[in-house]
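Visitor: Each chain is listed here by its residues.
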Amino acid sequence: MHAVSETLGGWYTMPRMRRALLLTAAAVLSGAAIVSGQPGRSGAPAPLSPRNASYTITARLDPATRTITGAETITWRNITTVAAAELQFHLYWNAWKDNRSTFMRERALAPSDGDRRRTADDWARIDVTAIKVGGDDRTAAKRFITPDDDNADDQTVMAVPLAQPIAPGMTATIEVEWRAHVPRPFARTGAIGDFFFIVQWFPKLGVLQDEGWNCHQFHASTEFFSDFGVYDVSLTVPGKWPLGATGVEIKRFENTDGTTTYRYYQEDVHDFAWTTSPNYLERTARFEHPRLPPVEMRLLLQPEHAAQAERHFDATRTTLRYYGEWFGAYPYGHITIIDPAYQSGAGGMEYPTLFTAGTRWIAPRGVTTPEGVTVHEAGHQFWYGMVANNEFEDAWMDEGLNTYSTARAIAQVYDPNVLALRYFGGFVPWVFRDVVLSRETEGNRLPGYRRDAESDTPSTPSFRYFPATGGSITYDKTALWLNTLERWLGWPVMQRIMSTHFERWKFRHPKPNDFFDVATEVAGRDLGPFFDQVYRSSNVFDYGVQDLKSERDGGQYRTTLAVRRYGEAIFPVDVAVTFSNGEHVTEHWDGTDRWKLYTYDRPFPALSAQVDPDRVLLLDVTYTNNSKTLEPKGGSAATKWSLKWMVWLQDCLLSWAALV
Amino acid sequence: MTSAWRDGIRRVNGAPALLLGVWALTLLVSVPMAAAMRGMLAQHLGASLAADTAASGVNYDWMQEFSDQAAGLGVTFRPTILGFGAVLDNLSAFIDNTMRPVVIVAAATVYIVLWIFVAGGIIDRYARDRPTRTVGFFASSGVFFFRFLRLAAVQWIVYALLFGWLHPLVFDRLYPEMVREVPVERTAFAIRAALYLVFGLLVAACTSVFDYAKVRAVVEDRRSMLSATAQAIGFIRRNLREAAALFLANFALFAAVVALYAFAAPGAGQTGASMWLGFAIGQIYVIARLWVKLVFWASETALFQSRLAHAGYVNRPEPLWPESPEAEAIS
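Protein chains in written order, with numbering that gives the first Met the number 0: chain H, 0 to 659; chain P, 0 to 330.
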């Protein structure tokens, strides 16, 4: 180790650019051989992705000043049909430079007082100090641009005009040096105490498309988009602080100044995240499956959650198994689970081969904390990590697909899954064993959608969703219509749709129509009208029974049923009538007209009628009105629940009477 | 202290009518509200089949649908009303100073005013330690109602300071500062728990002062509530250990009742007999809570009287309705 440190002593006196170039050369020479479990260069499998944006990065964290100093060499290949006259970079951390950025202005629309108490040191910034393209110093030419709005104060996108355009098929080497200040956490990023979670942290190229650069400003309600590549990253942190990052650790150096340098490497990913803290406990486990490749799991968790390690592994196994069986295999061979520190705000976020879970000190069994978030974020390895849609514009394509998939996976393993509410400042949980959470409603987040159903049309670019309600459309509505599709077409068809979409678009950037085309192709029917309703409209679904009568008419009972479409959205539904002799009649209604009348003459009266009895249409915002019975129990149910409520009220009154 | 505590329990148990009376008072406020809630629930369920699952267990989907469209009273219809969750919800709301809907605040205000009305009669009964009959009870209630209303004004100022000024200062400003750089949840919880303790002790100290003020007002027939409050502080200061120990003993009773209910609290259940059994268990819990509250007053009365020259002393003659100076004084 000492010899290594001496070598590194010279290493750190070397100019940053040369270090970066040497690292690049080392990565190219060692190639796939340094990736755990991969064969040497001659036997290397074909790349999984285009690898057109590869990064070799060296960076040093100074925790005392919360500063990161970095240098990167980007090897970028123009895979479009147009020449690039300029480069565009995301400088995400400038969103948190002050409250004038687009991110902060939008964030103000979603009420939170968390930013009021920020001190000057709590804000972030990222300053590019040098940039060369093909050896040509372009530092003086860099400028900030605002492709999404006219906010001159936003500095989250940097454009660098080129002296020579980069033609299609050509490769450029871009060298960047920067310095950044780590904020108190914003959007899962930053530091609290000695916990550091460092993401979206380096100057990062946007995505060049045939239409031009797709490099949006950082918005409050959206995430990210970038090209696939190879990441070779060396990170220097205080000595012996455990570090977790995208990829696998291939080398570690103990430096003479007491710091430790970790080198991580990963191919075929589109981002790189890392975290360090002296308090992490490390646990490892392995995922094995008869038909899926094994995955080494590494968990970095907080000491106060030590007893929950197996719950994290179990949830990750659930994802790797079910997503693997349903959609396709996880190919990387390793995954890192991060249990973030309390108040870090870093929980529940996905990065390639690494994700943050999120749990509580007291986490009762039977309640899916930490399982719910773990399954979801691990699931993003599939929907986001591999199938890499543009999260700025079509966030539903990963968040919605993944919320649907998460609910499905959770239902396979964590059933029953019951409600817990937290009291006393949110610290003390109480489990309500009687309140079982269903996949269809709670798993797909119907209550959230119901509240914001008309807030935005899903086809609107995600970054233009209203910040306070965007999640309800991105996550909830998409999960609900996907599950509706499953209940309509059947799981075998739906599974083929999802797996075909996965197989066709993994390591690529699908757009909404790509998913719709796959769905229509696999289903073998025109699903356009359905997608018009759920994707290209903010209309609400609400079908119901308006009236049900069964009156004696001679020796017969005449049963009259009126069903109604209360909402604007249209979906074909079944209408079921049950008679007192046990007979069931099911009608099929195309759901187009505002109402429809059914009349039956039977020797028996009707008992009940129901629109959509199998609850295929999970987007129906008012299911209570979907049925009527001629033997109603509303009164007795109301009595039961009002008595329970009365005890709550009496206890409430007694609490305040304590002051008398 | 132990003898005062035992004496207080004996006095409460010796006057079951008072316990039943305050339970009736609680029902008086809660039953109309529950009836209103029942109406809202019945209207929303209508003739829907959703009522079937709501009747036989929990239809959480319907509950959420209801509360999403509800206003006023209806917004309080949440799963937290189930079983022991109701108790945690209320205790948590109390110590976290969570604002309740206006209609609940109004009901609580009415309930508190009713308690202020009966407080004189209750303490008088316990102080005399013999039956005062309905006439005597209401006469005493009437005599002290306006005095205790004046005391309530003082209480309101003190509690407004505690909950309106100190609580936000401690929990919205001080606590966030204290845990600002704390990356460990249990540490943050320990800090919050310590602050709960400090705030709780302050509230307890104030309620004790006002309790003894009421006791002194009744036993010594005091008319000035400021003087009664000052004398109550003096009494507590002189008998700090006994008063504190008595408070702790009574608080332990409260904790025991709550703990027992944690085990006995019914779940969702069904309609029919099990519904009424669950309701009966809830009412037993409510009565137990009321009993504890009465034990507070009775034992504090017993402690105060035990420090007088002769125990059981009450300065004011027992009022006879309608022909006595005390009764006339009410009007």
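Because the hints were derived from the structure by calculation, they are not lab data.
Among these hints, one or two may not hold up.
So the derived list for chain P, only partly shown, Cβ under 10 Å to chain H, looks like this [said to hold, decoys possible]:
(1) M36
(2) R37
(3) Q68
(4) G71
(5) F83
(6) G84
(7) F144
(8) T206
(9) F262
(10) Q269
Distance ranges between label pairs, derived from CB positions [claimed, not checked]:
(11) S437(H) <-> I280(P): 50 to 60 Å
(12) G634(H) <-> A16(P): 32 to 42 Å
(13) L47(H) <-> A193(P): 49 to 59 Å
(14) A107(H) <-> L19(P): 51 to 61 Å
(15) M177(P) <-> Q208(H): 34 to 44 Å
(16) F515(H) <-> T97(P): 39 to 49 Å
(17) F515(H) <-> G56(P): 36 to 46 Å
(18) L168(P) <-> S498(H): 54 to 64 Å
(19) V109(P) <-> E567(H): 52 to 62 Å
(20) Q411(H) <-> L19(P): 51 to 61 Å
(21) D531(H) <-> A193(P): 36 to 46 Å
(22) L148(P) <-> S437(H): 32 to 42 Å
(23) I280(P) <-> R503(H): 31 to 41 Å
Backbone N, C-alpha and C define an ideal beta-carbon position, used for all residues, glycine too.
Visitor: State for each hint whether it applies.
Guide: Hint check:
no.: 1; hint: M36; result: holds (5 Å)
no.: 2; hint: R37; result: holds (4 Å)
no.: 3; hint: Q68; result: holds (8 Å)
no.: 4; hint: G71; result: violated (13 Å)
no.: 5; hint: F83; result: holds (7 Å)
no.: 6; hint: G84; result: holds (5 Å)
no.: 7; hint: F144; result: violated (12 Å)
no.: 8; hint: T206; result: holds (6 Å)
no.: 9; hint: F262; result: violated (13 Å)
no.: 10; hint: Q269; result: holds (7 Å)
no.: 11; hint: S437(H) <-> I280(P): 50 to 60 Å; result: violated (28 Å)
no.: 12; hint: G634(H) <-> A16(P): 32 to 42 Å; result: holds (35 Å)
no.: 13; hint: L47(H) <-> A193(P): 49 to 59 Å; result: holds (54 Å)
no.: 14; hint: A107(H) <-> L19(P): 51 to 61 Å; result: holds (56 Å)
no.: 15; hint: M177(P) <-> Q208(H): 34 to 44 Å; result: violated (50 Å)
no.: 16; hint: F515(H) <-> T97(P): 39 to 49 Å; result: holds (46 Å)
no.: 17; hint: F515(H) <-> G56(P): 36 to 46 Å; result: holds (40 Å)
no.: 18; hint: L168(P) <-> S498(H): 54 to 64 Å; result: holds (57 Å)
no.: 19; hint: V109(P) <-> E567(H): 52 to 62 Å; result: violated (45 Å)
no.: 20; hint: Q411(H) <-> L19(P): 51 to 61 Å; result: holds (54 Å)
no.: 21; hint: D531(H) <-> A193(P): 36 to 46 Å; result: violated (58 Å)
no.: 22; hint: L148(P) <-> S437(H): 32 to 42 Å; result: violated (52 Å)
no.: 23; hint: I280(P) <-> R503(H): 31 to 41 Å; result: violated (59 Å)
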